[in-house]
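Enquirer: Sequences listed follow chains D and H, in order.
As numbered in this note's numbering, residues 752 to 998 make up the first sequence, in order.
As numbered in this note's numbering, residues 1045 to 1196 make up the second sequence, in order.
Take these hints with a grain of salt, some might be off.
[What the hints assert, rightly or not] Result set (DSS-like, lysine-lysine): computed pairs, CA atoms no more than 25 Å apart in a straight line:
(1) H/Lys1119 - D/Lys771
(2) H/Lys1119 - D/Lys838
(3) H/Lys1187 - H/Lys1119
(4) D/Lys755 - D/Lys793
(5) H/Lys1069 - D/Lys854
By construction, these hints were calculated from the structure, which means they are not laboratory data.
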Amino acid sequence: MENKLFIARVCTLAGKIMLKSGAETYRVEDTMNRIASAFGLKNAQSFVTPTGINFSTGFADPSNTIRISDRSTDLHKIAEVNSISRKIDEGDLDAIEAFRLLKEIEKADLAFPGWIQVLAAALVSGCFTIMFGGTWPDFLPAAVAGGISYSVVLGTAYFIDIRLIADFFGSFAIALLAVLFIKSGLGVEMDKIIIGAVMPLVPGLLITNAVRDLMAGHLLSGMSKGTEALLTAFAIGSGVAIILAFL
Amino acid sequence: MTIFAQLLTSFIASAGFAILFNAPKRALWQCGTIGMLGWILYYVLFAHGIDSVAATVLAAILAGVLSQISARIYKIPVIIFNVAGIIPLVPGGLAYNAMRQFVEDDYSLGIQLATKVMLLSGAIALGLVFSEVAKQLGDRHRKSKRTRGSMQ
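Could you build the full structure based on these sequences and the hints that come with them?
Expert: Put into structure tokens, the structure is as follows:
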């Protein structure tokens, strides 16, 4: 029994890290079932939604519920947990060692430092401006607007827990800067600058996840992630729209 | 020259997006390459007069298949490559234009553009589905080959 409980702890910890890092729910369920089955629990059941995990080691066994309240995007952690579950599957890791490694991953801060993220956002913005048919003089204005807006998003997210508000202020900053660039003669086409700079905020991961979950038959998660993506797009749109409405 | 600029910018954009989503460092250049190849296919098809929805489906299939292959080779979850691969295809510009028309009270044009955005997002989804199907067929083929081999 003790053993079963410990295996359940390993499974739910793995699931918790993955879900918090933004993995698809079908992948979370699959990973937990794989780990349980590798440790000899052939009848383990899992049910995962974007906001919670249910895991039971078998019939008439107690089931564990884990509530996930904050989600972020951390593909690195998903990859790490994935490689641990692979090792467990191949029999290279025992439960105690796996639990220790998972705890390490949970605590670890694998994120790129903030300034690299802002730099990446700036480059992404500039490049998208060119890809969407903008001209090179608009590269720098878009990059500056994209970088500043991304730091606004990071800063707002630090103080306010609602992600939508952060996205709103981010796109608000973009539109404001784009208008300033045009008025001061530094930018050429306002539309191209805004489109490029908005791209780092686009909920690309949510869209991909929603599609993949729907494909795997996880209708609940697919629909809820799709809705989240739609809300994010709406927040971005309204941030820009407020500025445009005053032009 | 334009193609070269497109290659360069789409590579940087996809790899940059991988950084924003905190992809593992060893996956960054693959992410950039997949995004670049998908985008270039779309760009060339679109330049040759193929409808943007059809071009997006084909580009998303290419990005999806390349992601599946990379996931197998580098033993990294496929989602990491998928996200970076489809990002250039996301109709951000059109969505912005649709929004802009709504703000400027031109609802009929806004609805038109919004419909196009929905079609394009559906096209990306379709491309991902096709690549997933291709992967599952490949898996099944491999499995059946293995069982046949063991029976002999």
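Enquirer: Look at each hint and say if it fits the structure.
Expert: Quick rundown of the hints versus the structure:
{"no.": "1", "hint": "H/Lys1119 - D/Lys771", "result": "holds, 21 Å"}
{"no.": "2", "hint": "H/Lys1119 - D/Lys838", "result": "holds, 12 Å"}
{"no.": "3", "hint": "H/Lys1187 - H/Lys1119", "result": "holds, 19 Å"}
{"no.": "4", "hint": "D/Lys755 - D/Lys793", "result": "holds, 12 Å"}
{"no.": "5", "hint": "H/Lys1069 - D/Lys854", "result": "holds, 21 Å"}
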